Amino acid sequence: MAPSPSPSGRRNGSGAVPPRCEGRGLPSHAMKYLLRRVLFYLVAFWATITLNFFLPRLMPGNPAEALMSKFGGRLNPLALHAIAIAFGLNVHESLWTQYGQYLVQVMHGNLGTSLTFYPASVFSVIAAALPWTLGLVGLSTVISFALGIGIGALSAWRHGGRFDTFMSTFFTFTYAFPYFWIALTFLYVVGFLWGALPLSGAYTTGLIPGLSWSFVLNVLRHGILPAFTIVFTSLGYWAVNMRNTMITTLSEDYVVMAEAKGLTLRQILIGYAGRNAILPNITGFAMSLGFIVAGAILTEIVFSYPGIGYLLFQAVQQEDYPLIQGILLIVAFAVLAANFVADLMYSLLDPRVTIGESQ
Amino acid sequence: MIDAPSASVSSRPRRVGQWLLVVRPLLRNAKARTGVAIFLFFGLVALLAPILSPYNPHLTIFAPGASPSAAHWLGTTQSGQDILSQMIWGTRQPLEIALGAGLLTTLIAVGIGISAGLFGGVYDEILMLITNIFLILPGLVVVIVISSYLSSANNLMISLVITVTSWPWGARVLRAQTLNLKSKDFVKAAIVAGEMRFRLAFFEVLPNMTSLVASNFFFTCLYAVVTAASLQFLGLGNINTVSWGSILYWANNSQALMIGAWWWFVPPGLAIGLLGAAFALINFGIDELTNPRLRREAK
Numbered sequence: 001m002a003p004s005p006s007p008s009g010r011r012n013g014s015g016a017v018p019p020r021c022e023g024r025g026l027p028s029h030a031m032k033y034l035l036r037r038v039l040f041y042l043v044a045f046w047a048t049i050t051l052n053f054f055l056p057r058l059m060p061g062n063p064a065e066a067l068m069s070k071f072g073g074r075l076n077p078l079a080l081h082a083i084a085i086a087f088g089l090n091v092h093e094s095l096w097t098q099y100g101q102y103l104v105q106v107m108h109g110n111l112g113t114s115l116t117f118y119p120a121s122v123f124s125v126i127a128a129a130l131p132w133t134l135g136l137v138g139l140s141t142v143i144s145f146a147l148g149i150g151i152g153a154l155s156a157w158r159h160g161g162r163f164d165t166f167m168s169t170f171f172t173f174t175y176a177f178p179y180f181w182i183a184l185t186f187l188y189v190v191g192f193l194w195g196a197l198p199l200s201g202a203y204t205t206g207l208i209p210g211l212s213w214s215f216v217l218n219v220l221r222h223g224i225l226p227a228f229t230i231v232f233t234s235l236g237y238w239a240v241n242m243r244n245t246m247i248t249t250l251s252e253d254y255v256v257m258a259e260a261k262g263l264t265l266r267q268i269l270i271g272y273a274g275r276n277a278i279l280p281n282i283t284g285f286a287m288s289l290g291f292i293v294a295g296a297i298l299t300e301i302v303f304s305y306p307g308i309g310y311l312l313f314q315a316v317q318q319e320d321y322p323l324i325q326g327i328l329l330i331v332a333f334a335v336l337a338a339n340f341v342a343d344l345m346y347s348l349l350d351p352r353v354t355i356g357e358s359q
Numbered sequence: 360m361i362d363a364p365s366a367s368v369s370s371r372p373r374r375v376g377q378w379l380l381v382v383r384p385l386l387r388n389a390k391a392r393t394g395v396a397i398f399l400f401f402g403l404v405a406l407l408a409p410i411l412s413p414y415n416p417h418l419t420i421f422a423p424g425a426s427p428s429a430a431h432w433l434g435t436t437q438s439g440q441d442i443l444s445q446m447i448w449g450t451r452q453p454l455e456i457a458l459g460a461g462l463l464t465t466l467i468a469v470g471i472g473i474s475a476g477l478f479g480g481v482y483d484e485i486l487m488l489i490t491n492i493f494l495i496l497p498g499l500v501v502v503i504v505i506s507s508y509l510s511s512a513n514n515l516m517i518s519l520v521i522t523v524t525s526w527p528w529g530a531r532v533l534r535a536q537t538l539n540l541k542s543k544d545f546v547k548a549a550i551v552a553g554e555m556r557f558r559l560a561f562f563e564v565l566p567n568m569t570s571l572v573a574s575n576f577f578f579t580c581l582y583a584v585v586t587a588a589s590l591q592f593l594g595l596g597n598i599n600t601v602s603w604g605s606i607l608y609w610a611n612n613s614q615a616l617m618i619g620a621w622w623w624f625v626p627p628g629l630a631i632g633l634l635g636a637a638f639a640l641i642n643f644g645i646d647e648l649t650n651p652r653l654r655r656e657a658k
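Protein sequences, first through last, are from chains A and B. The numbering used here numbers the first residue of the first sequence as 1 and each following residue consecutively. The numbering used here numbers the first residue of the second sequence as 360 and each following residue consecutively.
It is worth saying that the hints were derived from the structure and are not from the lab. Hints may be right or wrong, so weigh each one.
Okay, the calculated bits of chain B under chain A, using three or more residues with CB under 8 Å as the criterion [said to hold, decoys possible]:
| # | region |
| --- | --- |
| 1 | 431-437 |
| 2 | 467-481 |
| 3 | 605-619 |
Over 10 Å on every C-beta distance to chain B, these chain A residues come out as not near it, computed from the model [to be verified]:
| # | residue |
| --- | --- |
| 4 | ALA120 |
| 5 | MET167 |
| 6 | ARG275 |
| 7 | ILE324 |
| 8 | ASN339 |
All figures in this text were calculated on a predicted structure; none of them were measured in a lab. All C-beta atoms in this analysis are idealised placements derived from N, C-alpha and C, irrespective of residue type, glycine included.
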């Protein structure tokens, strides 16, 4: 199961690697594999849209009915009609007609009108929140991944040692503690007691967003605490995974061989064991890029950070169902896209997966 | 990780004492022992809540916002409730949801995983397609969205919502192990001997993945504890019931930290973390048991 180095196959492209398609970069079995994956993601996306359509209809008591009576006097008829379609209040049409209408709407990128931010469209509200989440969570994820891989590799090298025991115990607890509680504790100690960093938001209210030096600095200062929380709580996942794959890899013959040759710890850790142990973690990393959009909901809520997570929270509190539906779709789309990238990366890094799949 | 305990794969497992076979070595593992001890502690507190709790957790007759004292070990809330009593009664909900979601998830994962692996063909293809779709849906978002559609949720409903997002992981792992076992001689022999599918699933395959099933169960419990607390904290469960998550909800809503009421905010967080860690520790113990390479090297 553990990846073994195949210098002949991977380095110079001869021997173990199957024949390539003429004039193509990827071997034919890899193309077949990727085609299968694309098909899967299309089906998965369709399933998500369908789920999104049927979920509110399956719930006891249609939530949209309360909504209509709440907003009835305040919205224009067109927006009301859109909600009626989205939530099945249009009793004159059959469920399947409604479903068809909904599919057509989504395909045109029409996710409806937000009730909280009326008259802004759901699409524009999400588009405004997305960059904040991508910046904050994206950066924290990269930092967390790099740190976690390093710590995991070191723990594995001296496994059972003092560093390993401390880290394992530490991560057991950071893993089990609720994110939001850790976030609140940091907020209280660093932001409130010490007053060292701002308590909420992405920048000081009143500042005009722009590319000025002072604004960028302001954004960075606001980002430190939430980013630290995300790194702190997600570090353990990478470290523990890397540690476990690394321990398995370290007992392989070729690592023993490297030790026997008298290579330095650095060379063995990075050039021999690390290269192979990191493979499954890279897929994990690519997959987690999809969860970036949704991954820090609670952190964003605690710090009132204006990203997708906080937006979802606002939508839930205001019972803004069109916005909730829109966010679920966008998040699912991001996850599917990232998973596809993960598949692509893995088939390039480890050609064996594509062979296994096509047989 | 995919390998079953080697002792039971090669030969037909003994049915009597099967559980002892799993439980005894588990208790010899220090991590698992700590986890079991913490879990039993909270279990006892939940069972004995009526005896242990000094006051009725809903009573609002005490001095509001008082710091810890002899009369109120953990102080009182802004509306004058005794926090220790709330903590003790609040043990029940996380435990019920964790065990409920763990059980439901494991049942579904076992059912889908084993049947897909055993029957194969189109049945397997369809089930795995559904599993993979559910697997990549972002769990917390789906849980929050479903809960927002429910006006108020009881423990069973919260367990169900959590189950919707937690079953696919186990189903996939258990299917892989079923396929692995299917190629083993004793299962092949049973198929040739014409054993019924039901018997095959429950007497040949299932007993050989006890550790995977248990690991799946405890992992789900951990996930459920944290998720249920998050839901309560967001006000999406039922904030009028007493639970660790709802204590945090009210503490946060009353700006407990900003007025310095750490006694209102710290205990529920610690309790959630400890219970979660208990499940994680048991799981690590099982992992070390079944994957000898992860075991600490003897010194």
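- Item | Non-interface claim for ASN339 (chain A), where every Cβ of chain B lies beyond 10 Å | Given a closest Cβ separation of 6 Å, the condition is violated.
- How about the region 431-437 of chain B: do at least three of its residues have a C-beta closer than 8 Å to a C-beta of chain A? Result for this restraint: violated, n = 0.
- Quick one: see if chain A covers the region 467-481 of chain B, three-plus residues with Cβ-Cβ under 8 Å. It is violated: at least three residues are needed, and the region 467-481 of chain B offers just 0 whose Cβ sits closer than 8 Å to chain A.
- Evaluate the condition: distance from the CB of ALA120 (chain A) to the nearest CB of chain B exceeds 10 Å. Consistent with the label, ALA120 (chain A) stays out of reach of chain B, its closest Cβ about 20 Å off (over 10 Å).
- Assertion that ARG275 (chain A) lies farther than 10 Å from chain B (Cβ): ARG275 (chain A) clear of chain B: closest Cβ-Cβ about 19 Å, beyond 10 Å.
- Residues of the region 605-619 of chain B with Cβ under 8 Å from chain A, three needed, outcome: holds (count 4)
- Query: Was MET167 (chain A) rightly flagged as not at the interface, with every chain B Cβ beyond 10 Å?
  - Reply: Fine: 13 Å to the nearest Cβ keeps MET167 (chain A) off the interface.
- Separation of ILE324 (chain A) from chain B, once the least beta-carbon distance is taken, above 10 Å: violated (6 Å)
Of the numbered hints stated above, those contradicted by the structure are hints 1, 2, 7 and 8, listed in ascending order.
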